[in-house]
Amino acid sequence: DAGVTQSPTHLIKTRGQHVTLRCSPISGHKSVSWYQQVLGQGPQFIFQYYEKEERGRGNFPDRFSARQFPNYSSELNVNALLLGDSALYLCASRAGQLGGTDTQYFGPGTRLTVL
Amino acid sequence: QKEVEQNSGPLSVPEGAIASLNCTYSDRGSQSFFWYRQYSGKSPELIMFIYSNGDKEDGRFTAQLNKASQYVSLLIRDSQPSDSATYLCAVNRGGNNRLAFGKGNQVVVIP
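So the protein sequences, as listed, match chains A and B.
Just so we're aligned: 242 in our numbering is position 109 of the first sequence, and the numbers increase by one with no gaps anywhere.
Just so we're aligned: 80 in our numbering is position 77 of the second sequence, and the numbers increase by one with no gaps anywhere.
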């Protein structure tokens, strides 16, 4: 079975532009979460989606938005890019019901560089 | 106070030795605990998860959880050069599946 897939792998943008990152979860998984990892730090939680609804949001500005589609894939959108948005963006897939403690599996990530 | 803290600096261990990593967390309501391995430039890869107090072993890896003291540790036995990576401790608070991560500990295994 394919794991979590993300596209694109790398992306270079300039300040003020917007970006859309995409994620497909593991087949059968219904929950997707997004994390931002800046160099030298652990991932920081951005959003969680389950059954196409937002179920959690981290401490990120409104420039960040996301959605989940009927096939459980997801998009993360970032508007008005800042230099500080340069990071590895990770998508994590989880199988089960809302709540619970089942495991999250990460995709390969999208490396975003803002110039 | 950070939610998850991994304070140790880079850890250098000889090949074949035991590497020991520690992590503390602040929220007593935390329910599940994870260790991820991350190679440079790659995404985190799950190594272990633990939910109950005590030890959990999987191959060369042992996770230890002490909820009363709010710490979780990872032991890597018979360390191999391929174990050289950053190890991330993650905590799931209250079953909401929002993982809080520490900043990671770099492990270097010296042949």
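The hints are simulated quantities; they were obtained by calculation from the structure and are not laboratory data.
Keep in mind that this is a model prediction, so the values were computed, not measured.
Idealized CB from N, CA, C, for every residue including glycine.
Hints may be right or wrong, so weigh each one.
[What the hints assert, rightly or not] A short list of chain B residues far from chain A (calculated; beta carbon distances all over 12 angstroms): (1) G44; (2) Q67; (3) T89.
[Said to hold, decoys possible] Computed cross-link-like contacts, SDA-like style, restricted to lysine to any residue with a CA-CA straight-line distance of at most 20 angstroms: (4) K106/B / Q174/A; (5) K45/B / I159/A; (6) K106/B / G191/A; (7) K146/A / K185/A; (8) K45/B / P241/A; (9) K45/B / S140/A.
Status of each hint after checking the structure:
1. For G44/B, the non-interface assignment is contradicted: its Cβ lies about 8 angstroms from the closest Cβ of chain A, within the 12 angstroms cut-off.
2. Consistency note on Q67/B: stated as away from chain A, and its beta-carbon is indeed over 12 angstroms from all of that chain's, at 18 angstroms minimum.
3. The beta carbon of T89/B sits about 9 angstroms from the closest Cβ of chain A, which is not more than 12 angstroms, so the claim that it is off the interface is violated.
4. A C-alpha spacing of about 5 angstroms is found between K106/B and Q174/A, which places the hinted pair at or below 20 angstroms, so the restraint holds.
5. Proposed proximity of K45/B and I159/A is supported: the alpha carbons are some 18 angstroms apart, at most 20 angstroms.
6. Of the pairs offered as hints, the one joining K106/B and G191/A holds, with about 17 angstroms between alpha carbons and a cut-off of 20 angstroms not exceeded.
7. Between K146/A and K185/A the alpha-carbon distance is near 28 angstroms, which puts this suggested pair outside the 20 angstroms criterion.
8. Between the alpha carbons of K45/B and P241/A the distance comes to roughly 7 angstroms, so the proposed pair stays at or under 20 angstroms and holds.
9. Note on K45/B and S140/A: the hinted pairing holds, with a Cα-Cα distance of about 14 angstroms set against a maximum of 20 angstroms.
Consistency note: the structure conflicts with the earlier hints numbered 1, 3, 7.
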